[in-house]
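Asks: Listed below, chain by chain, are the residues.
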Amino acid sequence: MKAPVHQTPGRLKVVLEQDLTATYADVVARAVCDTWTDETTRITLDLHKVDHIFGPGLGLLYALHNRLGAQPSRLVLMGVCPSLLNLFTRLGLDRQFALTFRPATVGSP
Amino acid sequence: MSDQTNEDAELLEIYFEESRELLEGIEADLLSLEATPEHVDPDHINRVFRAIHSVKGGAGFFNLDQVKSLAHAMENVLGAIRAGDLAPTSAIVEPLLNGADALTQRFNQDPNEAGPDFSELVQAVEQGGADASPPPPDHTAQDDSEVTAPEPFEELTEVETSALESQIGGPYQLYVWTIDSSLAETKALNQLTDDAGQVAEIVRIQSISCAAPDLSTPSTWHGTNLRLLLASADSQAELAAALQCQERDLTAFGAPADPPEAAVEDEAPRPAQPPAAATPASATKPRATPKSSTSESSSIRVRLPLLDRLMTLAGELVLARNQLVQAVGSETDQAQEASQRIDHITTELQDAIMSTRMQSVGTVFHKFRRIVRDLSRQLGKDVELTIEGEDVELDRTVIESISDPLTHLVRNALDHGLESPQERAAAGKPTTGQLRLVATHKAGNVLIEISEDGRGINSDRIRQLAMERGLYSFEELATMTVQGLNRIVMQPGFSTASQVTDISGRGVGMDVVNSNIKQLGGSVDLHSVLGQGTTVRVKLPLTLAIIPALLVTEEGRRFAIPQANLIELHRIPAAKVSERILALGDAEVLTLRGTLLPIVRLRSVLNMPDRTFVNDQGLRQNDLRQTVGDYRRNSGETRFTQRRRSVASAVHVAVVGAGEFSYGLVLESWQETSEIVVKPLGRHLRQCSAYAGATILGDGDSALILDVTGIGARLAANSHAANQHAAGLRHAGSHGDENQTLPTLLLRGVSGQLFAVPLELVTRVERTTADRIQTVMGIPSLRYHGGSLPLLSADLENATKPIPAQPGYVAVFRHYGEEIGVFAADLLDITSTTRRIDTTTMRRPGCLGSFHLGDELVLLLDLAALASQHFAHVQGGAPPSVPPGARGRVLIVEPTDFFRGSLGRSLVDAGYEVVEASGENEAFACLDGASGTIDAVLIDMDSPDLLSPGKIVATAKAVAGPIVGTTASPPPSAAILERASEAGVYNVLGKMNPGMIVQALADSHPRVHQTPKVAS
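Sequence lines, in order, name chains F and V.
Quick note on numbering: this note's numbering labels position 29 of the first sequence as 29, and the sequence is numbered without any gaps.
Quick note on numbering: this note's numbering labels position 30 of the second sequence as 30, and the sequence is numbered without any gaps.
In case anyone wonders, no lab produced these hints; they're calculated from the structure.
Treat the numbers as computed from the prediction; the structure is a model and nothing was measured.
Glycine included, each C-beta is placed from N, C-alpha and C at the ideal position.
Be a bit skeptical, because a hint or two may be false.
No more than 35 Å apart at the CA atoms, straight line, and that leaves these computed lysine-lysine pairs for DSBU-like [stated by the list, open to error]:
#: 1; chain 1: F; residue 1: Lys49; chain 2: V; residue 2: Lys187
#: 2; chain 1: V; residue 1: Lys187; chain 2: F; residue 2: Lys2
#: 3; chain 1: F; residue 1: Lys49; chain 2: F; residue 2: Lys2
#: 4; chain 1: V; residue 1: Lys679; chain 2: V; residue 2: Lys442
#: 5; chain 1: V; residue 1: Lys442; chain 2: V; residue 2: Lys518
#: 6; chain 1: F; residue 1: Lys49; chain 2: V; residue 2: Lys68
Some, not all, of what chain F presents toward chain V, calculated at C-beta under 10 Å [stated by the list, open to error]:
#: 7; residue: Asp26
#: 8; residue: Gly55
#: 9; residue: Gly57
#: 10; residue: Leu60
#: 11; residue: Ala63
#: 12; residue: Ser83
#: 13; residue: Asp94
Construct all of the structure, not just a fragment, from the sequences and the given hints.
Replies: Below, the structure is given as structure tokens:
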């Protein structure tokens, strides 16, 4: 399992390759920690391959959001499927994260 | 329109109403947060957050995208504040307040209208959040490892409840499903929620996670799971089975639940939920108000028209009760007992229904925090607002009506009253101004005080502006008290602001305040001390519907005086009437504990026919005759009962207060106090300022309710008109070079011409009737004290012509020891004039001169000349006629032309040679140049223009005979006597009484009188 991280100045873009289970959440967390710099102010997660999110996966999103200073829209979730979007909206995460159906394009996070 | 559409419209309306209420409360919370950004009160932020969240939820439901996006943006910022990520500084709170305003505005519009575009506001709110500084360092951060205690689920809103009812289609129950951590790791959360949505309605979802999960510490975020609030018609067991979860993870909403994880709080204890089989109505109970679960059982929504209807019925019940109590007054004990119980119950019912209409004044006050905050920033002023008495309750209609007036007062206080910090510092005041809003109960009324410690009202400036704008004449302004001047600011269009701003200065505010409060039956008073501040006191009735009142009668008709306006009642015994009630001009006053209280007769206010007559003795008496031919001789009554009551009978005076202005209302009699139901007057009677409404009495009769304020305004106007003359005289005097006062009696002649008589000459004033005047041998006379008093007419042209047969007044004066009367049609006033008297234009025998009073010319009568001219035969005490100058030479030292001329003419007529001096230098010149030729000196003691009367007197004593001081206002005051004593003058006489002066000269200088010089 891996979580490819694309890095541009101040930004990280992580393409998630499977559902966000507890194990995969750890992989993503490690990948982000490894590429994190002091300049990092925004993280984009491409979720277009993610259909399900588990408890630790949701916890990961909170942790990323917290790492980004808990500022609104610093964590960008792209390619969010309707089921996840429904969950995030119900949880009010659409206020904290930037959510979109559109998948991310590498190079333009 | 289909039922569904109707239902939607109704839901939308409920949502708008609910949102308005939610938004009403958040402003105060936001301002509180802003006041202490370093310490965020969780109660305040939670309340605001929930309100905005509810607004957003409903907006999403009804597809109000603009509202939703704005609420969403606000929620983001509020969420960050709640999480401690943002400090609620002004930069953050300002856009939030603006957003709340915009939302409120939208919810005040028609729900079906397209709402405004909130894009800019959304941007501003987001920008505020983005630009905000992180929370202050002393903010207590939560431990990263601490698991967030989940907020208790919020109560359901009405919209949500209605939606659930329609979706489930029957009774339902609310459950909280806490997803176990192990389940959250093995089953996708979105799948769990999707599945739950299939078997129940998901009302809310919460995540349970640690407060600040650390990315590098998985344990802090691995424990994240969910709690769901579900609505279902199924039982707990059935739902647990459908959800494939443990039954223990599912708890009824409102019941204590087992914490799913350590340190996780569940719902606060709530009242037990009704069983699932409850009716739909009971199923809606969990929502109620969002504030607290305890309030849901103690408050319900009631439509205002229903409350109004209840209030009307309560009023009718009170009327019926009154009738019943009156009807059974003489019945059996049982009937009386039942009547008393109904009386008691009705009173309680009325109180209870009235209380449903009562609202705390805080609902109006709370908005002033925002207004003061915004305006003080806009004006660059530091203002500290203190609010007291927010719990004081007022009737709903009063509450609704005072909002605008109070807003005007607060804006005025900020804009005009309080100074800038620089000005305050220069004045030695603290740079922060104080603004206080205080509501208190006072004698059945509510008193609201708006006070500030600002610059106060400059009454001189008001006087100047009022004169410039032609609102009042100088004469009127001169007589006004400082508080009266201050009240001018309540007149339409009057403003002391030199600059019109968008806050105030257009002169509309205080006028609106005054008229609105008066419409409510209240009053406004303004107290200001220059340099110290201004206090506006607004007095309001608790309710406008049912009020206690005193029933009074006049001419057999009944009227009601609101108890709130009553101060005290006085019955003045017949023997005390003449002593206690005095006439000043055309106004009457009551002496009350050492003060003079203006009184007005209700009969004259209401223009009731004057049923009195003047008897043979000149006394006014009540006329008890019903018709002209009714002499009450054939009624079979005893002679005693036939006697007409005279005006000397007891007088009933109700002392009433209209704001700070109190006066006496003279009534025929008063009855009992009673609670009356105020009924509005018909439109054709609404312009009558004397009436505030009408009511139906216990016997079914109707009575008009007197408007004490309206009657008071008339009285004030009348009093003002009566005092206008005196004011005019004072004013004119201040502009002339003649600043001495001459007390005069103002008369109106039969021809309508105004005349003035020096008051010092008048010994008595008689009211007379035509039949007391007789004309014999061409000389009119008055039957007077058993003799005849020769009469002059005040009309110069007809001085001794037959006086027309009409009632009038006779001013009696003495002329050389004999009494003579001056007849006038009317007696107007006694006043002191300093007005310049024109001694040339109208000067003629019998007329000393003239002056203007308002638009009317007043002729000043020369009584001595008139008497000498027409009644030479009565001058028994006059010195024998001698050639001019035969009695000696008199120096008159008098700076005033009028008095100098008047004295001079009188002395010349009496046989003296007169030398006049208008000042010190002239006096010394006369004395030096006429050494040994001055036989007597008359020296003015009134005028400060004579700087050294003592020196003049000393010089005069060396060269002349007697020295007599003169004053225009005899008897001389203590100050004048002291001045005369210092100068060495021991006889001070009235200037307008030449007879006494001549007599004094003769007595003190016999040589002059007995050995008159022969004129060359």
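Asks: All hints, please: hold or fail.
Replies: Each hint, compared with the structure:
1. Lys49/F - Lys187/V: Satisfied, since the Cα-Cα distance of roughly 17 Å is no more than 35 Å.
2. Lys187/V - Lys2/F: holds, 21 Å
3. Lys49/F - Lys2/F: holds, 13 Å
4. Lys679/V - Lys442/V: holds, 24 Å
5. Lys442/V - Lys518/V: holds, 18 Å
6. Lys49/F - Lys68/V: holds, 30 Å
7. Asp26: holds, 6 Å
8. Gly55: holds, 3 Å
9. Gly57: Since chain V brings a Cβ to about 8 Å from glycine 57/F, closer than 10 Å, the hint holds.
10. Leu60: holds, 6 Å
11. Ala63: Because about 4 Å separates alanine 63/F from the closest Cβ in chain V, which is inside the 10 Å limit, the hint holds.
12. Ser83: holds, 4 Å
13. Asp94: Nearest chain V Cβ about 8 Å off; hint holds.
The structure shown violates none of the earlier numbered hints.
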